[in-house]
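Given these sequences and hints, build the entire structure.
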Amino acid sequence: MMRNRIIAGAAAAAATALVLAGCTSGGTDTDDATDGGDGELTPVTLQLQWLTQAQFGGYYLAQANGYWEDLGLDVEIIPGAVDIVPQDVLAAGDVDFAIAWVPKALASIEAGANITNIAQIFERSGTLQVAWADSGIEGPADLSNKQVGSWGFGNEWELFAGLTEANASGYTIVQQNFDMNALLNREIDAAQAMTYNEYAQLLEAVNPETGELYQPEDFSVIDWNEVGTSMLQDAIWANTERLESDEEYADTAVKLIQGAILGWIDQRDDPQAAADAVTAAGSTLGTSHQLWMANEINKLIWPSTDGIGHINEIAWDATVEMALGTKNQDGAQVITTDPPDTAYTNEYVDQALENLEADGVDILGADYEPIEVTLEEGGN
Amino acid sequence: MTTTTPATRRARRWRAVLWGVLGLVALAAVWELYKLVGPADGWLIGAREGVTGSGIRLLPRTSDQAMPHTWEMLARAATPVTRAPGALPLGVVVLLAALVSLGIAALGWLVGVVVGFALALLMLGFRIAERAVLPFVILSQTVPLIALAPLIRNWGSRLEFGAFSWESWMSVVIIASYLAFFPVAVGALRGLQSPEAADLDLMRSYAAGWWTTLFRLRLPASVPFLIPALRLAAANAVVGTVVAEISVGFSGGIGRLILETAVAASSDPAKPWSPILGAVLLGLVAAGFVALLAAFLSPFRRQETAA
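Chains A and B, in that order, are what the protein sequence lines are.
Numbering-wise (our numbering), the first sequence opens with residue 965 and increments by one.
Numbering-wise (our numbering), the second sequence opens with residue 4 and increments by one.
Don't read these hints as lab results, they were simulated from the structure.
Since we're looking at a predicted model, the values are computed, not measured.
For glycine and all other residues, C-beta sits at the position ideal for the given N, C-alpha and C.
Wrong hints could be hidden among the right ones.
Unchecked claim - Over the 10 Å line for every Cβ pair with chain B, so calculated as not near, a few chain A residues: (1) Asp1058; (2) Leu1288; (3) Ala1322; (4) Gly1343.
Claimed, not checked - Now the stretches of chain A that chain B is said to cover, found in silico as 3 or more residues with beta-carbon under 8 Å: (5) 1134-1145; (6) 1160-1168; (7) 1245-1258.
As structure tokens, this is what we get:
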């Protein structure tokens, strides 16, 4: 019995130690956040829409290279998760700024979220619908009577806009997983894929027939930018009410955009640095996959037509029009009425761009050229 | 009680360890055996020619993508997680994440046990409380976790007083404890109410008060009910922690690692298995802690021999 007590005592001590370990490992974030600001810096929180990865490389570079700190901001980047809806977290007042796709945010605005797009970081859409090259699927019209994979949850609108425009019919929408196994196993005919993530997953997988990695020739790709039903994606959103009433917050918005743009320019000039920065921030994605993502994200931003972040009115109106006119498989629409005028503004991003241009920063990247990334097996 | 020498006791312990290891080996053998004999593309019934995705799958696929070899999983766990300089082996990353999750699950378990026990005492003390609270205790477990998780995160983030600010790990602890308190509340109440009327009458005849009856009679009597309840609570706390991490966005734990490595399922199929096995290990360690706790509680476990 004595022995049992000793063991139990040791167990209790071990448990306590673990509990404490849990506390400290969780608590370090706070320490960093509070120690980082020496009283001078304005604390700012930025909510991402997914886990730490090169999709958000510009923000991590802005932080790592001290661009925000130079502008007087202490930005805490909060990675997303499965049940985190960034624009709703923002509307609830839990964070200061958030990254979200435009159609998803439009739906939240119609549901009552008082938020404003202050910088359209991604100019192009990264969403594809990928099928096997031998499937005969070349465009959205060919998706008729097919099993079509989609993630849903607001990620499906470009697909439905394309299906609607092509008058496709008889298709079945299949809920898609995080991986591409459904397409590889031919359980679905076409899978949704982001150029910077899931498409790379395909090219990192071994073709059991050849023993080599799958090649781009093995697949046929529907690019919504080419079809003409692309919608605006990653943008920085702010709280509308605070923009109007809180001068300091409006000033912070300009600085946040300005620092972020510098980070995105660093990613443009050195995608490897972006991949390294997100890996250092805790991403466990494979090294070649991460670099591929950094490079593909660059293609969505650069070259920039009006200066990175400037919201192009024509593209905005096109997204709104499609959001009004597209129904998904459940007959739901993104929005039913025009969004309010406060849904976007170029006031802050133009100010940031002006400041940067005055410093001689290249905000267009007119001579941007993507690099060649060789994907390794498993993205490693 | 039979007399045992330290030598036989030691032998018995080794035998237990041996059986545990054998169990693991057997599990791996079953996996490999099915992989060997099972059809590579699984078994479908009702599939129609030329219609993608038709039919109902009765047997899972055995391809390397769906079921990597056990040794491939081990080899993957031993290789660095990324090619970044200084990257730790995947297995080490998994163990570190499991340790973080274990700490959170332990906290959640502790909170759950305290709250569950307090509720049981309240329900024991006041009949009306039992009638009022018990239905809600049961109802609480029917709320789906995915509905609850964002709410807790949302409410938590509004809490702020002085230097205290809500951290995402606290939301995870709350969700873990929310799942953990239920078996304790129900089990402890059963246990505390388990003494027979004759025993309670005896205490009354000693003029023992409510508290004395509680400490001398009800608490020891509740131990046999409490131990399985604590074990269930530990399992629930682990599940709650893993799910909540995925749901509310807490990074550093095993749940987040499961989510992060899931994207490698097509191209690096052995990778996502590492954190899944880590989560299993986490559950085993948690169960082990409760077993130790049970050993500590067993002296209090007085059982009446039937006359």
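- Item | Numbers of the earlier hints that this structure fails to satisfy, in rising order | Hints 1 and 4 contradicted; others consistent.
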